[in-house]
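Colleague: Using the sequences plus the hints, can you model the full thing?
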Amino acid sequence: MPASNAFNTGNLSKAAREPGQASRVFDLAEMSLRELNQALHDLAPGSNETAWEVLHPRGSHSVAVGVDQPVAIDVRGSVGYYCGGMNDGGTITVHGSAGPGVGENMMSGQIVVKGDASQYAGATGRGGLLVIEGNASSRCGISMKGIDIVVHGNIGHMSAFMAQSGNLVVLGDAGDALGDSIYEARLFVRGKVESLGADCIAKEMRPEHLELLQGLLDRAGVTGVKAAEFKRYGSARTLYNFNIDNADAY
Amino acid sequence: MTYRNPPTTPRKSATFDDYTLSEIRRAAATGIYDIRGAGAKRKLPHFDDLLFLGASISRYPLEGYRERCDTSVVLGSRYAKKPIELKIPITIAGMSFGSLSGPAKEALGRGATLSGTSTTTGDGGMTEEERGHSKTLVYQYLPSRYGMNPRDLRRADAIEVVVGQGAKPGGGGMLLGQKISDRVAEMRTLPKGIDQRSASRHPDWTGPDDLEIKILELREITDWEKPIYVKVGGARPYYDTALAVKSGADVVVVDGMQGGTAATQEVFIENVGQPTLACIRPAVQALQDLGMHRKVQLIVSGGIRNGADVAKALALGVDAVSIGTAALVALGDNDPRWEAEYNELGTTAGAYDDWHEGRDPAGITTQDPELMKRVDPIAAGRRLANYLKVMTLEAQTIARACGKNSLHNLEPEDLVALTIEAAAMAGVPLAGTNWIPGKNGF
Chain A
1 MPASNAFNTG NLSKAAREPG QASRVFDLAE MSLRELNQAL HDLAPGSNET
51 AWEVLHPRGS HSVAVGVDQP VAIDVRGSVG YYCGGMNDGG TITVHGSAGP
101 GVGENMMSGQ IVVKGDASQY AGATGRGGLL VIEGNASSRC GISMKGIDIV
151 VHGNIGHMSA FMAQSGNLVV LGDAGDALGD SIYEARLFVR GKVESLGADC
201 IAKEMRPEHL ELLQGLLDRA GVTGVKAAEF KRYGSARTLY NFNIDNADAY
Chain B
1 MTYRNPPTTP RKSATFDDYT LSEIRRAAAT GIYDIRGAGA KRKLPHFDDL
51 LFLGASISRY PLEGYRERCD TSVVLGSRYA KKPIELKIPI TIAGMSFGSL
101 SGPAKEALGR GATLSGTSTT TGDGGMTEEE RGHSKTLVYQ YLPSRYGMNP
151 RDLRRADAIE VVVGQGAKPG GGGMLLGQKI SDRVAEMRTL PKGIDQRSAS
201 RHPDWTGPDD LEIKILELRE ITDWEKPIYV KVGGARPYYD TALAVKSGAD
251 VVVVDGMQGG TAATQEVFIE NVGQPTLACI RPAVQALQDL GMHRKVQLIV
301 SGGIRNGADV AKALALGVDA VSIGTAALVA LGDNDPRWEA EYNELGTTAG
351 AYDDWHEGRD PAGITTQDPE LMKRVDPIAA GRRLANYLKV MTLEAQTIAR
401 ACGKNSLHNL EPEDLVALTI EAAAMAGVPL AGTNWIPGKN GF
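Here the protein sequences line up with chains A and B, keeping their order. Note that the first sequence covers residues 1 to 250 in our numbering. Note that the second sequence covers residues 1 to 442 in our numbering.
Worth flagging that the hints you see were computed from the coordinates, not collected in a lab. No residue lacks a Cβ here, since even glycine has one placed at the ideal position from N, Cα and C. Each hint should be verified, as a subset may be incorrect.
What the hints assert, rightly or not - Computed from the model, here is a short list of chain B residues facing chain A with C-beta under 7 Å:
no. : residue
1   : Gly177
2   : Asp204
3   : Leu216
4   : Glu217
5   : Asp223
6   : Leu430
7   : Thr433
8   : Ile436
Stated by the list, open to error - Which bits of chain A does chain B cover? Going by a derived footprint, with three or more residues having C-beta under 8 Å, they are:
no. : segment
9   : 32–46
10  : 60–68
11  : 103–110
12  : 116–128
13  : 136–147
14  : 161–172
15  : 209–223
Modeller: Below you can see the structure in the form of structure tokens.
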């Protein structure tokens, strides 16, 4: 367990100040990543230590990975690779930018990145909500399997590659080859799409999609943007079974 | 009486042999490459090309039934808090639920557990049958990440990051629609009945520097308890092994081209990658050059069939071997008792490799509820355990004959090669000579 002098209780986040909640502050300038993640994993179900704050992440990789309790974690600064990886129930807010693979394979819970996100944001995610308030780089939502991703800015090329399930919402533009080899994920883009990947097509926005999208925008705290401003993209399903006449699509 | 010129015997081309001709006709008729299961079927330099010298005056043997010959092995001692301890150095390779039926996966778990060894998941996630019946279960971390979740990661005994596979180094998995049943579809988050193509690269890392960070993440999620393996196909075994060590692996798994697959293009299986025998010495050399031999364990797979193969692999510096195809045969794959049904499928027992079609008469590589009933997991698990026991006894017999009280004390000096090719690949002398091709300037 961390040494007591490493605790800093003088800089609590808003969540941590709510009555009845114990809070813990981890300063990565003084304590190791291992101590942070071990302390998070050691939390018993129902623990009242529900508010955590991580100071000086300084681009550390694997900050708050494998969280499996409904705790709120405020990370004060930018993080490296795989922040919140495999998150299952935690609410993680990165008050900075995130390196590659933020929220990879998330199961449930929520991750908010106040800045930008690098490649593979939300890769293979199976549940929960990932919000990128800035831009996301290439391969955002690659191989996603049920996660919801909302990007306030733009996303890079090859996003939602082989996306299987879940929803990707982009308020800005999408780069080349969006949704290449996509399965059943739904993509909503408000701005321009540079190009669509193999087997990805524009689809009709029906009332149920507008309702779904509005719900996602609400959950992500997006205001002043209407669901009707987006276009929907998804699978043409022509590559679901091998057919030699489709070989040119690859 | 008229004189007829003597006819020549009809002569078939060695280049355009019957198999080649049939494949050209098949391609012309269908317009798509041939997909099949199993590993390379062509003749390759292999363990059969090596012999043990045994003992005589210069070495003395151990008594066959009285003197102990240790077979145990510890995997993952480099970083993992909880390394795996196995009674025998023969593990069961990764094979997916999806490509195999639930009862077949259960049988592998039962057989491995009876034998004190590990079994491995595959490209379809972890099933309850498998976890429940496997004392030691290795959980594969694959490019597709089908079914991946932190709960299963934590209830695994080790994690195997799969970069490649001997049958198809550089290729992704395939599972055709016939086998995407409701259960398989749900576990993989895929629509039922589609032809699934898994990715060939991991979605969130590329190259050794990223891999190092990925391994850190997996260790952090599992609190540094689990051994982490890195599995590569037999492509560039020296560099792949060195880079896996650099990336922080506890165990490196190298799978040669005879290693099987559930489904891949025939052209890929037969023409990409190196034979198992050619992979071992470069991988061992990489570990030795880094000072990590026996610290990072090496597992080799691809065409291991009997105790002699096990002993030869260990003598070349391997810590453990892994079997897939042979384990399926022990369960009942390609058994002649189903010959009539193999004939109906246009094949014969021993040659059946259309595992992707899901019509396996032996009930192993199928999701058909009726066919899969043909595997009794308890009886099949017992057969696998028997087979593993025989392999172990065979390897011990050879080791004692070479004067070794542990399988891991076997060494290259116990071996000679029957062919120049095998001598060069294994780095042991051609029988009757002291010539190792490529060494000492020759």
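Colleague: Now tell me if each hint is right for this structure.
Modeller: So, going through the hints one by one against the coordinates:
1. Gly177: Glycine 177 of chain B check passes; min Cβ-Cβ to chain A is 6 Å, inside 7 Å.
2. Asp204: At 4 Å from the nearest chain A Cβ, aspartate 204 of chain B passes the 7 Å test, so the hint holds.
3. Leu216: Hint on leucine 216 of chain B: holds, closest Cβ of chain A at ~6 Å, below 7 Å.
4. Glu217: Check passed: Cβ of glutamate 217 of chain B comes within 4 Å of chain A, closer than 7 Å.
5. Asp223: holds (6 Å)
6. Leu430: Violated - the Cβ of leucine 430 of chain B stays beyond 7 Å from chain A, reaching only about 47 Å at its closest.
7. Thr433: violated (51 Å)
8. Ile436: For isoleucine 436 of chain B, the interface hint is violated, since the closest Cβ of chain A sits about 44 Å away, which is over 7 Å.
9. 32–46: holds (count 5)
10. 60–68: holds (count 5)
11. 103–110: As far as the segment 103–110 of chain A goes, the hint holds, because 3 residues have Cβ atoms under 8 Å from chain B.
12. 116–128: Answer holds; 5 residues pass the 8 Å Cβ test.
13. 136–147: Check passed, 5 qualifying residues.
14. 161–172: Coverage by chain B holds here, the residue count being 4 at a Cβ distance below 8 Å.
15. 209–223: violated (count 0)
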